[in-house]
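Protein chains: 2
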Amino acid sequence: MLPAVNLTVVLHQTRSPDNLGAVARVMANFGFSRLVLSDPATYAFRAAERLAVKSDSVLDAMAVAQNLPEALKDCVYAVGTTSRTQIEGRTALTPEEAAARLADQSRRGRVALVMGGEQRGLSNEELAFCTDFLVIPTSDVQPSMNLAQATAVLLYLCSREGRKPAEAVAPVAPVASEQQGAKMGTVRALGERMRQVMLEAQFLNPQAPDHILMELERSLLRAELTQREAELWLTAFKHVGRAMGGGKGTPGKGAPSPGPGQDG
Amino acid sequence: MLPAVNLTVVLHQTRSPDNLGAVARVMANFGFSRLVLSDPATYAFRAAERLAVKSDSVLDAMAVAQNLPEALKDCVYAVGTTSRTQIEGRTALTPEEAAARLADQSRRGRVALVMGGEQRGLSNEELAFCTDFLVIPTSDVQPSMNLAQATAVLLYLCSREGRKPAEAVAPVAPVASEQQGAKMGTVRALGERMRQVMLEAQFLNPQAPDHILMELERSLLRAELTQREAELWLTAFKHVGRAMGGGKGTPGKGAPSPGPGQDG
Chain A
1 MLPAVNLTVV LHQTRSPDNL GAVARVMANF GFSRLVLSDP ATYAFRAAER
51 LAVKSDSVLD AMAVAQNLPE ALKDCVYAVG TTSRTQIEGR TALTPEEAAA
101 RLADQSRRGR VALVMGGEQR GLSNEELAFC TDFLVIPTSD VQPSMNLAQA
151 TAVLLYLCSR EGRKPAEAVA PVAPVASEQQ GAKMGTVRAL GERMRQVMLE
201 AQFLNPQAPD HILMELERSL LRAELTQREA ELWLTAFKHV GRAMGGGKGT
251 PGKGAPSPGP GQDG
Chain B
1 MLPAVNLTVV LHQTRSPDNL GAVARVMANF GFSRLVLSDP ATYAFRAAER
51 LAVKSDSVLD AMAVAQNLPE ALKDCVYAVG TTSRTQIEGR TALTPEEAAA
101 RLADQSRRGR VALVMGGEQR GLSNEELAFC TDFLVIPTSD VQPSMNLAQA
151 TAVLLYLCSR EGRKPAEAVA PVAPVASEQQ GAKMGTVRAL GERMRQVMLE
201 AQFLNPQAPD HILMELERSL LRAELTQREA ELWLTAFKHV GRAMGGGKGT
251 PGKGAPSPGP GQDG
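These protein sequence lines map, in sequence, to chains A and B.
The first sequence runs 1 to 264 under UniProt numbering.
The second sequence runs 1 to 264 under UniProt numbering.
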């Protein structure tokens, strides 16, 4: 099952107030309320109200983020939408697989469905910020879907997951704090810290550090770290960086004590 | 499997050129091309082109029908979309059930997905022209979906049916003419003829003939008549009417000979 409160819809570089309004309406149709605009290409939010019939609550609660990493920082999982089925060796999920994975990962915390802008969708770099990516199969005649219609298809599938009963293995009680999934913001901060340390250690090629770093980051995402584990990793790299004498910023605090049940 | 050429999208009393364009685009997205407008509330078809990105072929081939029965006359099966889960003792299909039934019935001939107008959807009378009806489950916060977004959800499910391999029991060869499903136009003409005959025979209450007549018609639809059987029924009622001396129109021809493989 996918609790509606755990799903965030992220619209990246949305250009059309009409699309924004139509997305708000279909979110209300399927009972979803968390909408984040990432680096919006329009701020004509009032113009969106024309199409956001009976979905003022979605627009009122909408948040704006400067970029995609910021939009995803509180989420433990994100799936981006694209039309490319193969990207750098990764294979796209079907819409059904993506809805099932969003539901599964929502047991660990907030999850995000990321929709690209009208003009060019999500770039490979932007998709790299997402844990997975999905493709809605379309015809060669007109492969490119309207943003709000693609969102309608995906939220329908998510709402169907939401109506399924929780699996027997799913915890009935709220997620214990030590099982809370790592927020993508923390994983991102970890990635940045890893970059500094590994560049200074001359492990990464300064001309092209991203490819190897992405592989490392992706392996951490696949590990489904808890928030505590991600914070431990982050603090560890801060200390390593300081020990190497890089001195770019001093870590705020030492390693958290490893006792169980404590937040790092 | 659901051959795309066998699915007709019927928009009844569509009011907004934007919605018309958006429906054309999502039809092209999923490889469908047969669009019929039934009793349209706008004829600003050129205005629809703005949203019908790369879907001119859909708009160019679009047909216009004066009313819903005319729009459906060549189809053997139609499912109408509504928000009411119970109508006169009939129960709504889920979107998945409707897509599966459209695929199944497409082995008999053309099938139709009927979408109601923006302002009031499909009335009970209009839904009675459809073999089945479906409901997309939505939230109480905003139960009413945008027309084009609802169409996107349903055509996605239909396109998924289209990608499934044909069942082993399905005929690989084109449908033999004697197995061609009865066209709803023929069934409708049969219904009209039955009404005349049964009113004259004082079987139907002239003040309220429709309810009983609908029950009879529905039982015929459930029987999945072949076109030949429907024509036999129709001709039979023409003869009965003439024999009763009603004299409203003379039948064009006598009963077809019952030899196999002949068209009536």
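Any given hint could be a false lead.
Unchecked claim - 20 Å max Cα-Cα, derived DMTMM-like pairs, lysine to aspartate or glutamate:
id, chain 1, residue 1, chain 2, residue 2
1, A, K164, B, E97
2, A, K164, B, D140
3, B, K183, B, D104
4, B, K164, A, E224
No lab work stands behind these hints, which were simulated from the structure alone.
For each hint, the structure was consulted:
For the hint linking A:K164 to B:E97, the alpha-carbon distance of about 17 Å falls within 20 Å, and the restraint holds. Using a Cα cut-off of 20 Å, the hinted pair A:K164 and B:D140 holds, with the two alpha carbons roughly 18 Å apart. Note on B:K183 and B:D104: the hinted pairing holds, with a Cα-Cα distance of about 16 Å set against a maximum of 20 Å. Distance check on the hinted pair: B:K164 and A:E224 sit about 34 Å apart at the alpha-carbon level, beyond 20 Å; violated.
Hint 4 from the list above is the single one not met by this structure.
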